[in-house]
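Asker: Going down the list, the sequences are from chains Z and A.
Start counting the first sequence at 1; every next residue gets the next number (this note's numbering).
Start counting the second sequence at 497; every next residue gets the next number (this note's numbering).
Hints are computed from structural coordinates only; laboratory data are not their basis.
Only pairs whose alpha carbons sit at most 25 Å apart, straight line, appear in this in silico DSS-like list of lysine-lysine:
1. K440(Z) / K469(Z)
2. K280(Z) / K473(Z)
3. K440(Z) / K642(A)
4. K485(Z) / K469(Z)
5. K473(Z) / K642(A)
6. K361(Z) / K473(Z)
7. K440(Z) / K485(Z)
8. K642(A) / K469(Z)
9. K280(Z) / K213(Z)
10. K642(A) / K485(Z)
11. K440(Z) / K654(A)
12. K654(A) / K469(Z)
13. K361(Z) / K469(Z)
Quick list of the computed label-pair ranges, beta carbon to beta carbon:
14. V481(Z) / D555(A): 29 to 39 Å
15. G416(Z) / N600(A): 26 to 36 Å
16. N600(A) / E435(Z): 23 to 33 Å
17. K485(Z) / D513(A): 34 to 44 Å
18. H418(Z) / A528(A): 55 to 65 Å
Footprint (simulated), chain A over chain Z, 3 or more residues, beta carbon under 8 Å:
19. 443-454
20. 466-473
Here the structure is a predicted model, which means the values were calculated and not measured.
For every residue, glycine included, the Cβ atom is placed at its ideal position computed from N, Cα and C.
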Amino acid sequence: MPAVTETREQVEKLGQSSYKWGFETDIEMDFAPKGLNEDTIRLISSRKEEPQWLLDWRLAAFAAWQTMEEPTWAKVSHPPIDYQDAYYYAAPKKKAGPKSLDEVDPELLRTYEKLGIPLHEQALLAGVEVPEGEEARMPIAVDAVFDSVSVATTFRKTLAEAGVIFCPISEAVRDYPDLVRQYLGSVVPVGDNFFAALNSAVFTDGSFVYVPKGVRCPMELSTYFRINARNTGQFERTLIIVEDKASVSYLEGCTAPMRDENQLHAAVVELVAMEDASIKYSTVQNWYPGDENGLGGIYNFVTKRGACRGARSKISWTQVETGSAITWKYPSCILQGEGAVGEFYSVAVTNNRQQADTGTKMIHIGRNTRSTIIAKTISAGHSDSTYRGLVRILPKASGARNFTQCDSLLIGDQCGAHTVPYIENRNMAARVEHEATTSKISEDQMFYCRQRGLSEEDAVGLIVNGFCKDVLKELPMEFAVEAQKLLQISLEGSVG
Amino acid sequence: MSDFLNISGLHARIDADGAPKEILRGVDLIIAPGEVHAIMGPNGSGKSTLSYVLAGREDYEVTSGSVSFKGQDLLAMEPEERAAAGVFLAFQAPIELPGVNNANFLRTAVNAVRRARGDAELDAVAFLKTVRAATKKLSMSDEMLKRNVNVGFSGGEKKRNEVLQMTMLQPSLAILDETDSGLDVDALRIVADGVNALRSPTFSALVITHHQRLLDYLNPDRVHVMARGRIVHSGGAELAKEIDVQGYASFLAEAA
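Use the sequences and the hints to build the structure in full.
Answerer: Spelled out as structure tokens, the structure:
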């Protein structure tokens, strides 16, 4: 239908400019020389005034990385990455890690304001500047990471009163070396995989969270990652430790400027949950996805893993993946403690030329461990999306249960969706269920909605949000609204 | 010439596996404001196609003829613009929207149409009040609002849901495509009551049906027989009774 093609072209153009986080901040930066070798690592380590053990740890990771090959098993393709053609350290000038918000470069504060990330505690406190009729917003503590360093962390005092440590990991290395040394690399070892080894060698900052025994963290914690500098990789490291009977809900968001070249983001996240502890980790990933022809965009190669070490511990991953040119990401749970629970809720949206290969691993070690996987994949344009998941039940995991549901939704006829579930069950007393569906937004559905007065974009938004409902309801409320809007924006121009 | 709905010499075809197939072959029909018209006719005569073309379904290509609605060129409008202008199509087979809450869908639709018509949007409270009144009138349970649009609905529930949407969207032209088929007597009554409740000098309806029974309740102003893509015979309400007894044979002979 010619009319349809025209509409599609028109909205596709719109879609291109819809990445409203694509601006660049002009700020003086401090770079390490381009390229990756032991000297780069020594430089990063000395800039951060790290102890010898951490430098040794990094160098061991680098040595491991040099013997490794980039993995090729994922269903993504890209030109070879020249690891020597990037900066591995870029920090806004001024001293890293300001003591208070007053010391933060105003240009940076403006950047985060533009991104809608409030760094002024004042503006966030309940009851202050709340328009009539609106509920006071629950304060959220934010750690803002700008390229290689953390520039501000809010609400630290309030959190400290509750006994919760929330700070940049570089500070944790200095202030809580024993904790960091005990847990860093204990869930994702330095040589775990190519990208994790790279991260271990060159990670620059990230967030550190420690919730002591019996403490329920009094507010949502959140880290906001921003890549700004050109030709720079971002390698952040997040470590969250939650002791017995303690709990935390943690959110991360991320954006980057629109650029024609690809930029590498290789993060590592490690979670440790002790007895009866619970960690809820939510991500809204909105890195720049590249333009409609696949030019530019972030390569997002991320290793996220949580260890449910204690009995009845629980780790829940929720992710909404709308950005990046390529996503390679498998947030996983190692279910060691008896009765431990792992959850993975995912919405992955690809449009234009985006590629995503994402999923999870649930490793059942302890008895009566349970896991739930709900993965929703939406592909539009010329994009390609794969769910890849592993459910492994070890011989001692009697009574283990897994339920997996993978649903794919295709928009248009140029995109692809694939489901690759691996199930390895070595215990006869375990139960594993897998369900998968693939559907398309049908012309009937579109016509039905439009006959009721909805525009094409609204109709797609409604149907897609309906498709993702089971996952979106797992997000903290404020994020859920943002995620819904983001889904709609990501799919702008995809109907036809 | 009426200034409400005027269909003139309408030809339309569909792409049937690469070969265009003409389905409407010169439909002429005028509906005045406030009138209820019925269209009857054998299967495959083009009744549903006519309703789809009026509502703007893109699979059909109009090759000649015109449709003016309230003085506007209906065929030049997008489906959602037609909805805003007051055209409502009750689907023969209502479409399922998995995961989409029925109340949310209804509110989104009502507010989209209100926006387009220059009316203020309904907030959640006002909407709930209106929709509760409507469901009560249609003997529907509120529980249906909490379910996903048409998912797991029985045939009767789907049709009732269509009538609920019609009631909420306040169209000026309702096209009912065999809304009565597969309904028991009670459900039929509810559908008829739903249409009758909307009747006013500014509301018209085009009712496609195979059965005399619905027309007993609606008492149409005009009844048309459609065959081979054209309206071949028109008459008053008594024509439906005639068809009920004699079938379409005599009209088909007339058309040939």
